[in-house]
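Place chain B on chain A using the hints.
Number of protein chains: 2
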Amino acid sequence: MVGATGAVGQEFLRLFVERDFPVASLKLLASERSVGKTYLFKGEDIAVEEATPEAFEGVDVAFFSAGASRSRALAPAAVAAGALVVDNSSAFRMDPAVPLVVPEVNGCAMTPESRIVAVPNCTAIILLVAVNPLQKLGKLDRLIVSTYQSASGGGAAMMRLLEEETRKVICGEEPDPSHLGTRYAFNLFSHNTPINEDGYNEEEVKVIAESRKILGLPNLKLNVTCVRVPILRAHSESVTVEFEGPAPSVEAVREALSVAPGVRVIDDRAGNRFPTPLDASGQGDVLVGRIRQDLSNPHAISMFITGDQLLKGAALNAVQIAELALGVRR
Amino acid sequence: MVGATGAVGQEFLRLFVERDFPVASLKLLASERSVGKTYLFKGEDIAVEEATPEAFEGVDVAFFSAGASRSRALAPAAVAAGALVVDNSSAFRMDPAVPLVVPEVNGCAMTPESRIVAVPNCTAIILLVAVNPLQKLGKLDRLIVSTYQSASGGGAAMMRLLEEETRKVICGEEPDPSHLGTRYAFNLFSHNTPINEDGYNEEEVKVIAESRKILGLPNLKLNVTCVRVPILRAHSESVTVEFEGPAPSVEAVREALSVAPGVRVIDDRAGNRFPTPLDASGQGDVLVGRIRQDLSNPHAISMFITGDQLLKGAALNAVQIAELALGVRR
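Chains as they are written, first to last, in UniProt numbering: chain A, 1 to 330; chain B, 1 to 330.
Quick caveat, the hints were computed from the structure, so don't treat them as lab data.
Please note: incorrect hints may appear among the correct ones.
No distinction is drawn between identical chains; accordingly, a pair holds when it is met within one copy or between any pair of copies.
Distance condition first, Cα-Cα at most 25 Å in a straight line; then the derived SDA-like pairs of lysine to any residue [as the list claims (entries may be wrong)]:
(1) K139 / E242
(2) K221 / R14
(3) K136 / D198
(4) K139 / A156
(5) K42 / R19
(6) K27 / D45
(7) K136 / S258
(8) K139 / S114
(9) K139 / P298
(10) K221 / M94
Please read all numbers here as calculations on a predicted model, not as lab measurements.
Bound-form chain A, shown alone (with noise of 0.2 Å):
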């Protein structure tokens, strides 16, 4: 595990237990300065190792979950070894060679010969997971989404922030803004990435580039606005599918999403209980509600869903990758 320090790192240890992956033996790698750091994994205590390209020796998968620049870095030397990478950056999701995957949509997008392995963005493995299943429904035409991120995109240091600023807010005092340029506690903003000539930024960029490669439908069209809310771990997505002819009934788009895996409906109109990231907060699956036909266009349906950005947007799906690979059984 290179980057085990980290938020998504954290939830990777809880997987192999929870999981029962086979583990025989873990290596936590990091950045020098977190070398020493301890973690308890199976009652064994082990200390974290810098993350250098001799690190690899006997591997059999590497877990990047570091940023694009360390699996740059350190991925060749990784599949040099003869381990799997299986990564959770974007360093190369986007390259031709590699599967972007997630196994619920496109576990077939890998081979026996792959040797990396990237795991998409948070938003977009949200968005397909519930998307993907409406395909056997209808041809998809365009996706318009617009998302409510939670503070754990930005790792472990966004998610104490947001704690912080708020213990500040609600004590009467007021939070520095340098950070992020605005105050978080009590406040949303567009998603803190750079914004292209278009006028749309990377984490836009990223959903729809990814999401296309997901799906292998290069001409999808999609609408996104991807905005950071003051939730701590579950992202949410207000998304209107259109169909390129009429849409399904509501109840056939209930039916498919009932089936599918990874996907939980929560869609109680009567008592008005519909997924909130809250109810997402540690769990696997992205949860479906507010289904319902998009009463301005009869190809298109509407819906609300949300998923664990560490779980399902991260390490889960990082870890149900490497089960495929290896042929575990769930």
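Relative to chain A, chain B alone:
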């Protein structure tokens, strides 16, 4: 003022002073249990009186902000007493005989004969202040809106609930989720109003019907998803505007919004500065940013807007209606 003790009522008092609204004398009316409370207005303590039909004798303008049933019960008495009723509730909004007014958009819907003028739903007001200026650039075909609505839309009680729940979570306690059916602190949820047979909640139905009435476009298509987020007093909206013909350029949209009344453009792509609800809090203007072409539809543009729910979404819009009726120049 009927509903003087509520979150919106308190904004009225501030606005009367701030805008030098011509108040010769002020009556604060509320339910029986608030009788005897006093509020300071221009150096004078004003005692709250019970809102009864007799209370409107001698009143020129009656602002109602105490819910639809109170408006239905008492507005006729206010009209009979000769008052102009400016009603913040949903009671009369869809009555064909009652103008539903956002002064920047359709002030001319009022006539000297209007005795009741309705203030639209807060989400609709904020949406239309930003969308209306685009009508000079092309014919509107469809609006796609996902909202990020604040606690203030649920009144002072919901604002307190959010603060109290957040304080508990920060202190490691688990708040009682029974008030809203779900926890609010560090969470978000589909708008908590009843759902109709099409799967739309009351808030969404209001935004759709009221937008059509205000714009005078009974066939305008609207796709609306209303979501409550843990923000105190400003509503945000992710908006895609589809035109009948090709979309105007980003420059044309920015220019039209820059000169539009009640709008402030904050659209700094290089600095990644766009409107946040905290920027909008306490401000009269609707803030607009993230103006861009919709890459999935050559007829559409997208933008992100935010406005103070208690001010432009309620009290300010009501005061502006009264100013228009009274011929007060600003």
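Any of the earlier hints contradicted here, and which numbers? Structure breaks hints 2, 4, 8.
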